[in-house]
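**Q** Since chain A is already given, all that's left is putting chain B on it; use the hints.
Protein sequences appear in the order of chains A and B.
In this text, residue positions in the first sequence follow my numbering: the first is 1, and each later residue adds one.
In this text, residue positions in the second sequence follow my numbering: the first is 1001, and each later residue adds one.
No lab work stands behind these hints: they were computed from the structure.
Treat the hints with caution; some may be incorrect.
[Unchecked claim] Beta-carbon label-pair distances, calculated as ranges: (1) A:Asp58 to B:Leu1055: 23 to 29 Å; (2) B:Arg1222 to A:Thr233: 44 to 50 Å; (3) B:Gly1057 to A:Pro56: 22 to 28 Å; (4) A:Glu66 to B:Ile1215: 35 to 41 Å.
C-beta atoms are modelled at their ideal positions from N, C-alpha and C, and glycine is treated no differently.
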Amino acid sequence: MNDPVVRADAVHKSYDGLEVLRGVSMEVGRGEVKVIIGPSGSGKSTLLRCLALLEPVDSGVIYLEETALGGLRERELAAHRSEVGMVFQRFNLFQNMTALANVMCGLVEVRRLKKAEAHERALEFLERVGLRDKAGSYPDELSGGQQQRVAIARALVMRPKAMLFDEPTSALDVELVREVLDVMEGLARDGMTMVVVSHELRFAHHVASSILMMDEGRIIEEAPPEQFFSSPTHERTRRFLALVE
Amino acid sequence: MLATFDSHIFWEALSSRPYWHGALLALELTCLTLVAATVLAFFLALGKLSRFRLLRGVVLVYNWFFRAIPTLLLLLFVWNGLPQLWSVFTGNWYKAFLAAFIALALNEAAYMSEIIRAGLISVDPGQELAARALGMTRAQILRRVIVPQAVRIIIPPTANEFITLLKLTSLASVISLYELLGASTVRGSQDFRYLEAYAAAAVYYLAIVSVLMAIQAQLERRFTWSSTGRRRQRRVVVAPAVPAGPHDAR
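The shape of chain A in the complex, shown without the other chains (with noise of 0.2 Å):
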């Protein structure tokens, strides 16, 4: 096992009294992809909120590399945002960008790059995506798995450390998924180091280094996917895999 990149650790999280993760410890190392599962209020999105430092922790810490950000309030957290690459459900580009100038965006505003630098590296960025002639298109012009791409390639042009996506092709109409799993999937080759909350167990099963199976706030389970597939120890895990399937 390398040096994790992303480790949580013992992360308790409670929104309004409501306990939402109860004690939860993980990490990512280098280059590896890990894919959470379980069934919706199990976490996963808070976990992946908490990892991204989006979320202030109750108890326990997060790591990004040796750096503990444990008990750190928001304006310090702010600073590390950037060192982690986050993708939303719903994409969440910036309505009012273009695809190019969304992702110059963090390159302009928090990189302080120059204006002819940041564009060159969005346009390289959004090549590595396959929408380099989408450049100048608003959001509202591109389909859903374009957006998502625009989105991956936002997040990827800050040089992050490692990837979050949480549930990335859920909103997606089925026959736009797959532009965006390949991207997901070319990452992954390329030994960028992933945390995925997703359902795509055909992805999971390719990419996936382990996975991680979520219940009421716990990681209940995590083995490699051949293992995790074909012989689950947690009862709750064979159900969660009958439904899903």
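**A** Same frame as chain A, but now just chain B:
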């Protein structure tokens, strides 16, 4: 009936200096007031959306007070009452125009703050989330992402506010600021040709509002984000409705 309408007097009034002057004064006062009120209202709106209860309370009291007080009363208070309160306001520098500006801006900010707040909260929370995930600061998120999108929603009710303000400037005639309506009343009473005098004033109001509507259409196109400028416009119909303030009897 129309035979009694003297078009010569009408044209004469229309092109007369007091009308020009009055219209310009009304327009100036409206624009300055709206700009000042919008700036103040932006911070009021942020205050109302703040996590801090005290700040929300301050804005609540402000909006309560300035929406409850009739504009005319506020105008008279600022013009006649302030000099009594502070002797600085008895100076020659304290002009009716300034008093009208202060009163109208304080009043208008209360209305505008609600419009701006509605615009800000109409922006999909996912936009802010994505911006935070990139590591943008709160100020950057407002400037680059939220405000531009809120503006699209804010334009139509703000154009309404402009028109309301334009009409409210006529209240300033009670503190001897002779804007358009004041000028037309003076003109009409000269020879009791009120019909022509008022008709000429109406033409100015129509002209100003026509220009405003053209500008509004331009602005709305400017804040429509698609390269063709069409597709999104149809969508905007389903955009959350912004509660417009009561316009008649401030």
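**Q** The structure should be examined with respect to each hint, and the outcome stated for every one.
**A** Cross-check of the supplied hints:
Hint check: Asp58 of chain A to Leu1055 of chain B, Cβ distance near 26 Å, so the stated range 23 to 29 Å holds. At about 60 Å, the beta-carbon gap between Arg1222 of chain B and Thr233 of chain A misses the expected band of 44 to 50 Å. Our hint of 22 to 28 Å for Gly1057 of chain B and Pro56 of chain A holds, since their Cβ atoms are close to 26 Å apart. Between Glu66 of chain A and Ile1215 of chain B the CB atoms are about 56 Å apart, so this pair departs from the stated range of 35 to 41 Å.
When held up to the earlier numbered hints, the structure conflicts with 2 and 4 and fits the remainder.
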